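Given only the sequences and the hints, what does the whole structure look like? Please build it.
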Amino acid sequence: MSVVTTTLIQNTDGAPEFVISFVSNSVKFWEQFIQGVEKVPGGLFVLNYIRASHKNDPWRTLLEILLALVAIRYFFASKYSQDEKEKVHLSEREVQELIDDWQPEPFAPPLRKEERWQLDAIPFVEGAAGNRVSIRDPKTGATIPNLLNMASKDYLNMALNKTVRDRAIQTIRNCGVGACSPMNFYGTQDVHVRFCENLAQWLGAEETILYGQDYCTPTSVLPCFLKRGDIVVVDGGVPVALQKAALISRCHIEWYNHNDLDHLEEILESLQEELSEGPPNRRFIMTEGLSENFGDSPDLKRLVEIKNKYKFRLFLDESLSIGTLGPNGRGLPEVYGIPRSEIEVTVGSMANAFGSSGGFCVGCHDMAYHQILSSNAYVFSAALPPYSASATSAVISLLQQEEKPGQVNKWVKPLQDNTKLLHSLISKSSKLKNLVILRSADYSPLIHLRIDPVLREQLQFPGSYGGPGSEVKKAFKNGHEDGYFSRDYNTESYLLQTIIDKLIGSGVLITRTKRVLLHELLPVVPTLMINVNAGFSQNEIVEAFERIETAVYSTLHGLDAQAVGLLARSLE
Amino acid sequence: MSKFVSTRVPDAPEEHISQEEKAELEFGTLTSKDYLYSVHYDPTRPLNPAVDEPPYFIVIFTYLNYLILIIIGHLKDFFGKRFMPQYFEAVLPKNGYPPWYSAFESFYPRRLKKRLDDCFSRPICGVPGRFVRCFDRISPDYNESFLYSGELKSLLNLSSYNYLGFAQSVGCCTDASIKSLEKYGTSSYGPRTQIGTSDLQIETEKLVAKFVGKDDSLMFAMGYGTNANLFTSLVNSKCLVISDALNHSSIRFGIRLSGAAVKVFPHNDMKALEKILRESISQGQSKTHRPWKKILVCVEGLYSMEGDLCDLPALVALRDKYKFYLFMDEAHSIGAMGKSGKGICDYFGISPSKVDMLMGTFTKSFGAAGGYVAANQDIIDRLRLDISTNVYGESMPPAVVTQINTSLRVLIGELNGDEGKERLQRIAFNSRYLRLGLKRLGFIVYGVDDSPVIPLLLYAPPKMPAFSRMMYERGVAVVVVGYPATELISSRVRLCVSASLTKEDIDKILTICDEIGDKLYLKFSSGISGGEKNPGDYEKGIAPRWSLQEVLERTPEDCKK
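Protein chains in written order, with the working numbering: chain D, 1 to 572; chain B, 573 to 1133.
Treat the hints as calculated values from the structure; they're not laboratory data.
List time: in silico BS3-like cross-link candidates among lysine-lysine, alpha-carbon distance up to 30 Å:
#1 D:Lys309 <-> D:Lys227
#2 D:Lys477 <-> B:Lys865
#3 B:Lys843 <-> D:Lys85
#4 B:Lys865 <-> D:Lys473
#5 B:Lys847 <-> D:Lys87
#6 B:Lys605 <-> B:Lys993
#7 D:Lys162 <-> B:Lys755
#8 D:Lys227 <-> B:Lys835
#9 B:Lys755 <-> D:Lys139
#10 B:Lys859 <-> D:Lys474
#11 B:Lys859 <-> D:Lys87
#12 B:Lys865 <-> D:Lys113
#13 D:Lys87 <-> B:Lys843
#14 B:Lys778 <-> B:Lys751
#15 D:Lys404 <-> D:Lys420
#16 B:Lys911 <-> B:Lys778
#17 B:Lys847 <-> D:Lys477
#18 B:Lys1132 <-> B:Lys1080
#19 D:Lys311 <-> B:Lys666
#20 B:Lys755 <-> D:Lys502
#21 D:Lys410 <-> B:Lys751
#22 D:Lys85 <-> B:Lys895
#23 B:Lys993 <-> B:Lys1132
#24 B:Lys755 <-> D:Lys413
#25 B:Lys847 <-> B:Lys859
#26 D:Lys85 <-> B:Lys865
Ranges between beta-carbon positions, derived for each pair:
#27 B:Pro627 <-> D:Glu92: 41 to 49 Å
#28 D:Asp260 <-> B:Ser578: 43 to 51 Å
#29 D:Asp260 <-> B:Arg828: 28 to 36 Å
#30 D:Glu31 <-> B:Ile632: 29 to 37 Å
Facing chain B, from chain D, some residues (calculated, C-beta under 7 Å):
#31 Val95
#32 Glu105
#33 Phe107
#34 Pro110
#35 Val125
#36 Asp154
#37 Ala159
#38 Asn174
#39 Ser181
#40 Phe185
Note that the structure is predicted; figures quoted are calculated from it, not measured.
Virtual Cβ for every residue (Gly too), placed ideally from N, Cα, C.
Below, the structure is given as structure tokens:
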């Protein structure tokens, strides 16, 4: 080094003085720097390495310096430089003009005139919505008493059961109404723990996790176990909660036709090659025990075989099936005699057959433990009111008390009998033939009646509404809030509402699908929904059927496209 | 033979105390009219006091703590997976199935949080009111499992969200809820649009709307679910949501679900917000540069981890200027803030019409559960039909609705005369007293004087379990929070003050905190956030150090200034 320095200083004839001093200063600095580096432990080793490599290949030094510079520049570059490039450069005055010009759309799209009837169509219940219900007439404000209630989801008629109510009241007397804390802090009451144990033991699972609302359960559970790069194969008929759960996980989603297990197997087979590469990702099949939108169940035996063959885990939503299916109401696995351990994740609702409130997830210990730490709706929300947990505990112990081998449980039997009866009445009805089709299976207490496809075609209703590629989805994608509305969907729903209104007049309250096209990822066909309840006598079922038959017949028989057109216009 | 024998959480034992005693344990009687304070907002004072910084060595020590924990954790993982795979079954592939969760994503909970698991999920029984009763437990295997003795420990409650003390099993609210349960049953029977809309729901919604000062409101069975499913009905991918950096997880989840574009502004930084607004409006959507369809600014009224308020006056001024929509989450502030408990608008004296949508929960101040949104009639009408929780999810169960209804009526003075007013004035006094007391003792405390959330900074992670356990032993229940709920270094204990506490309870809490603060070396505030002993001390570099005696004698009066 010193040789270089001396040569540099000697060959400076004719150069201006400041250049000389600059060069000599920088050379001195460089020497000090090198000496400094040598003193750092390991510095000498690095220097020797650089010298050796420079000797072998001087170009490499240059290349490495450039590389280091690029790395430094990248490190210090703004994270948003891509956005910066895209920005239009505007003067302060132009910015102000744009701000003054900007007019936002309304916060929420106001209701159209032709949608307003939907507000009135929400039944205004006076008192409890038990077997018999009173509602308020939206027009006159008068009470319409004593309707046969086929709109509630309290299938086992437990919400007004005295034992259940007394247990709930006792809990309120002990711990008040709200839990006042998330489960992870001081929100876990002994009654919560008892209920979790009872439910897990009753269903044959290791552990239970509780949620404050059924709708939030799947959207919070699934993202714990599925992230980008994982995969979920979803039944093509699942309700919005499950659709959104899959969507929010940001994993790879495949859809198979509703309850078509051949199609499912085909998809899994086609995925095999992809899955064998790369690190093992988490894989799920997601479906329902009893479909909310169709009222039927998958062949669980075959489903379990398939998922075991392809090493997928099963995510089963038993919101409707627990309490309603199986001799003791343990859900679809009980029907097929499959142990709960075969179903990796079960989610369910306590607001349906259990007649209480909240949601739950049952499964093995590791799965449950992970939710305690990372499930959003569990960690960031207050615990379920303790009385809801103890009310559900009471329902479970009632069911357990009446459990007898080889017999259908005393609490479940009336529900299943009533369901069968109503199904057979509807399917045998000659009056309803060609007017409506019965979409649900004969074990489903939630009965979907759809206008017959041939009649729908005659009435010029489209095959289905919403779903991929539909006008509504396009409008949503482009942010056109006006396009969220489907005129035909509104008209068909209104047609069904006229049937419901007629039925209210004759003393029966049923309901219909009130699905929002904006939220649905899958195509929708509106249906009339009839909920069977364990509390009805067989006579009441027959009576209800006769009135339903009359109302449907008088509305749909002889209806033509012109009349429907008039109906649509009457809303505008 | 140890008394800790059962792995099962015990049942609540039979109780033999009178209703009066029980009521006293849930809600302490006011000991003197001196311990009341009526909130008034003073615009001349800075809204959120300057944040106190800890000494450098504390920061370095904290990072060092994490470094050691992380190194040890990785070493344990590395060797454990190889030599003791039986303990790592959850994170290792089994029979060709990938693990439920990866070792990487669960590193923090397994290696750091597990060490303080005994401070979380302590099972309780009875009302979490003035006192909370925990089942005594020990862990024989470093928090893998717990053993219970069956005994209960009664603790002063600074952990529950029970701001107004409505968590009660005795009193008019509970009686009304029980009556309602008898009449309406335990269930809500179905989604709101199907069958779940009862006279009780509608009446209470109107009451809530009137209380917060909006046309109408909608109630939902779960507070988290309210936010998580709200935004899909309001914004779409051509809209922009500008969100405060410290917004609650439910808001962030909801926005993510809606698919709207998101920009985040630093917590409470109004200048940064304005800059983002100017840029967003003038630049329009990314790539296409078309104007945004809507811009929604989401803030919280009272931030539950910081104890500070959003700068509503500044936000409203910006809203007038830039025409965005303002959404305010009042989960912690409704009931607890403002002269009549009507939340942040009430506190600042700003008309609720200046905020487009008010959201809140009933868990915190009303001793119930669930959430609400309140807005103009046309918006609520739209949401009634559109919002997914209303259409697909269960509605609020009747006993909860009644609890809300009655507690609200107590608060506005329709029931029980001045009881509502007393509750409001008690929480205001309690919050101010405890906060000032802690500041004077030398703790670093965040937040606004009137806020019932008092975060006390601990910094080093081992101080979290230490603080929680020592408080537990001395009879106070507290909640400790660390990363990821807070920044990495600012682990804290969050004290939630309640109107059910008496002044004497707070004296006791201050005494215990004083002792633990010395033992754990927590008193290192500089006095910048208003904890000076003599005015001007901070400038001279004198840190405030009051003796406990001085604090207890003078603070009850001083905190009202």
